[in-house]
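**Q** First to last, the protein sequences are chains X and U.
Quick note on numbering: the numbering used here labels position 236 of the first sequence as 236, and the sequence is numbered without any gaps.
Quick note on numbering: the numbering used here labels position 175 of the second sequence as 175, and the sequence is numbered without any gaps.
None of these hints come from the bench; they were simulated from the model.
It is possible that some hints are incorrect.
[Said to hold, decoys possible] With the Cβ distance kept under 8 Å, some of the chain U side facing chain X (calculated, not the full set):
hint: 1; residue: P41
hint: 2; residue: G45
hint: 3; residue: P55
hint: 4; residue: I223
hint: 5; residue: D313
hint: 6; residue: K314
hint: 7; residue: T318
hint: 8; residue: Y319
[Said to hold, decoys possible] Chain X regions said to be covered by chain U (calculated; three or more residues, Cβ under 8 Å):
hint: 9; segment: 97-104
hint: 10; segment: 237-250
For each residue, glycine too, the CB sits at the ideal point set by N, CA and C.
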Amino acid sequence: MFDTRKLRTVRTALAGLIGLAAAAAAAPALAQANEQFISILSFRVGPYGPAGTGIFSGFIDYLTYVNQKEGGVGGVKLTWEECETEYQAARGVECYERLKTKSPTKGTMIHPVSTPITYALLDKTATDKVPLVQTGYGRTDTIDGRYFPWAFPLITTYPMQATAIVKYLAAKEKGNLRGKKIAFLYLDSAYGKEPIVYLQAEAKVNGFELTTIPITPPGTEQGAQWQQIRQNQADYVIFWGFGVMNSAAMKAAQKIGYPRDKIIGSWWAGSEEDTVPAGDAAKGYMSAAMNVSGKTPLIADMEKTLYGASPTGSLQDRGKIGGINYNRGVVIGLITVEALRVGQGKYGKKVLSGEEVRWALEHLDMSEARLKALNASGLMPAMKTSCLDHEGSGRIKIQQWDGSKWNLVSDWIDGNRALVRPLLEQSAIEYGKSKGITPRDCSKEQ
Amino acid sequence: MLYREAGQFKTSYAADQQLLPIRQDRIAFLALLAVAFVAFPLQLGDYWFTALLIPILVFSLAAIGLNILTGYAGQLSLGSAAFMAVGAFSAYNFVLRVPWLPQVVSFLLAGVCAALVGIAFGLPSVRIKGFYLAVATLAAQFFVVWALQKFPWFTNNSASGVISAQPVSFFGFAVNTPARNYLFVLSVVTVLALAAKNMARSNTGRSWMAVRDMDVAAEVIGIPLMRTKLMAFAISSFYCGVAGALYAFCYIGTVEPEAFSLDMSFRILFMIIVGGMGTIMGAFIGATFFTVMPILLSIVIPAIAGGLHLTFDKASLTYLEYMIFGALIIFFLIVEPHGLARLWQIAKEKLRIWPFPH
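Based on the sequences and whatever the hints tell you, model everything.
**A** Written out as structure tokens, the structure reads:
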């Protein structure tokens with residue numbers, strides 16, 4: 001009745017697994033004393049892997065670059081460890097907790113680069129006193145530092161981006177959008193839904209007609225949506241897509257004969273990973289950009305330093321260097337390193353704690369002059385944060401795909417701050433109320 | 001040896017019918033509870049609670065729910081994540097709109113809401129079974145997620161469609177640290193798991209198993225098919241609903257409807273297949289396997305690759321983890337198609353009659 005052989009096989013297997021676990025327990029070592037350890041929650045596989053590979057390689061390459069060029073920040077070497085999240089909240093929480101224990105600074109600052117993970121970590125990072133940085137994604141009402149001292153939606157947020165796109169369209173129409181029809185085509189998720197309220201407010205102010213059309217993930221089939229856009233005779237399409245749906249949208253638009261130069265995507269729908277797979281269909285397509293593509297002086301120097309004779313860069317496919325995502329990763333690295341510099345300026349040249357980095361993130365001043373000093377002129381918009389303004393900039397450029405590369409078709413455009421800010425503050429106040437948070441008094445912050 | 005029962009005599013029916021009839025089992029179970037309730041909170045760090053123990057317990061509860069339906073009552077379902085979503089969002093709305101209600105009651109009411117939805121989507125089971133029923137329960141999966149996104153009332157008009165779970169309190173006692181969260185989840189899961197174990201050997205559980213093994217025969221001996229099946233759907237969904245509420249409030253904290261995707265339903269189904277259909281213990285083993293194994297592999301594989309000086313890039317390592325995880329699942333299914341819980345059963349039988357082989 002009992003199968004001894006079977007039991008033995010399983011026993012051997014289980015013994016093997018336990019052995020593996022023991023090996024794993026012995027492996028990790030704590031970060032050294034004079035090293036600033038940074039937790040990197042990356043995603044290089046799964047549906048968003050292609051974008052993630054570019055972003056995290058750029059980020060890590062910049063940290064390596066700073067280590068090689070300047071020996072770290074103020075003599076403190078930068079170290080890091082990657083943990084694969086697959087863009088998912090549960091995996092992200094596990095990675096965050098795992099890397100947290102590896103250094104006394106609990107990971108210095110977290111860039112989840114994933115809206116679900118950002119939401120899942122919002123409370124946890126605040127409890128642990130680790131800054132949560134969301135460059136251009138995540139929970140947008142965290143812009144209000146009174147209610148969210150630990151979260152920083154740096155550079156720009158979805159509402160600012162959406163209103164900046166409207167501003168660009170208005171300029172294109174010689175300042176008058178009255179009577180125009182704009183379709184908002186979006187991924188049916190937190191990320192896609194967020195701009196709707198702001199676009200509706202813009203529609204009221206500018207007098208254009210807004211239709212909102214959702215796409216259920218993964219969104220590889222969009223025939224019905226584009227049919228609807230054609231029937232509505234939309235003048236422009238604002239497109240909030242992510243991942244494989246982006247190239248699918250361009251192809252569907254081509255199939256139905258909708259001109260691609262009337263479509264403007266968000267920056268998650270504006271990288272080479274989105275346009276190249278669409279091939280010919282992507283020509284003329286526009287998108288927002290919070291950083292520019294191409295081998296700017298900084299990127300070129302990084303390539304020379306890291307991918308020379310004995311490469312130390314983290315990319316295998318060097319074709320990604322200078323791409324939108326790679327450069328976005330470099331911008332994330334720039335911000336990280338600059339925050340450490342600002343923090344060291346106040347607290348001394350040492351390993352900074354989460355609290356000290358938080359102070360620094362609230363006092364970032366990456367002006368044009370500073371960006372020039374960092375060899376990053378024009379790579380990203382100038383940015384200055386404060387207790388009240390955790391975003392710091394709110395500006396984007398519009399870029400257009402010419403079939404082989406992105407060309408910039410606008411200067412930095414500021415979003416409609418007067419419209420966005422009160423709505424975000426209202427949302428932050430409601431959040432504070434539901435969580436029982438007493439707001440900080442920003443006039444008392446130094 | 002350890003499991004020798006010589007000298008344990010049952011002198012009453014009550015003693016004969018108790019949940020754990022062997023004394024060693026009772027001692028082991030109490031020891032396990034003591035470790036889980038006392039030793040773990042005293043000894044382990046936040047990582048263990050947040051990343052391992054809480055998800056294991058939450059998914060165990062969901063797997064118990066599905067096991068009641070699929071393992072005991074034989075009704076294949078692909079809607080577990082949907083019922084979890086109902087639980088999570090109902091709990092959120094109860095806490096938000098009926099703030100004077102103790103939160104534990106809100107969670108239980110959330111389970112009741114999930115049970116009602118479960119009954120509604122269980123109705124097709126009266127007429128169809130097997131794979132056809134699985135397809136019918138898919139409707140629940142898509143409908144619930146769609147409804148939660150479509151009607152902003154469920155998310156309290158949140159612009160992004162995301163809910164942020166309120167702080168948990170247990171009759172005024174704040175459940176605000178990982179260890180407290182863990183204890184709270186553990187208490188709920190312990191009570192509900194014991195209830196499920198009890199239910200499985202009661203009249204209800206036996207009629208479920210009768211329906212599972214042969215519904216015509218069950219009907220002939222006087223078991224009302226419709227009531228039994230719908231009861232299984234209701235109780236199963238109740239468990240999933242409470243698990244969903246715990247997922248939102250004690251684990252992730254902030255959830256969007258898409259988190260409860262078909263993918264999660266499949267994971268819960270795989271948990272009971274690997275763990276063991278029709279056992280409560282299988283739900284725990286399956287949830288542990290599916291939670292711990294990927295994490296373990298993601299720690300071990302890079303360490304081994306590093307030790308052997310193999311230079312994989314980060315993505316290849318992750319794919320390697322996937323492949324090994326998949327291979328492990330197939331391995332365990334081949335050596336023990338009845339699930340890992342069955343292995344424990346076999347081992348126990350052998351120990352009881354040791355040193356004799358039969």
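**Q** Each hint: holds or not?
**A** Evaluated hints:
1. P41: It is violated, given that the least Cβ distance between P41 (chain U) and chain X is near 16 Å, above 8 Å.
2. G45: Status holds, d = 7 Å.
3. P55: Holds: closest Cβ of chain X sits about 7 Å from P55 (chain U), inside 8 Å.
4. I223: At 30 Å from the nearest chain X Cβ, I223 (chain U) fails the 8 Å test, so the hint is violated.
5. D313: Since the shortest Cβ distance to chain X is 6 Å, the answer is holds.
6. K314: 5 Å, holds
7. T318: Result: holds, 5 Å to nearest chain X Cβ.
8. Y319: Holds, about 6 Å.
9. 97-104: holds (count 4)
10. 237-250: Coverage by chain U is violated here, the residue count being 0 at a Cβ distance below 8 Å.
In summary, the numbered hints that this structure violates are 1, 4, 10.
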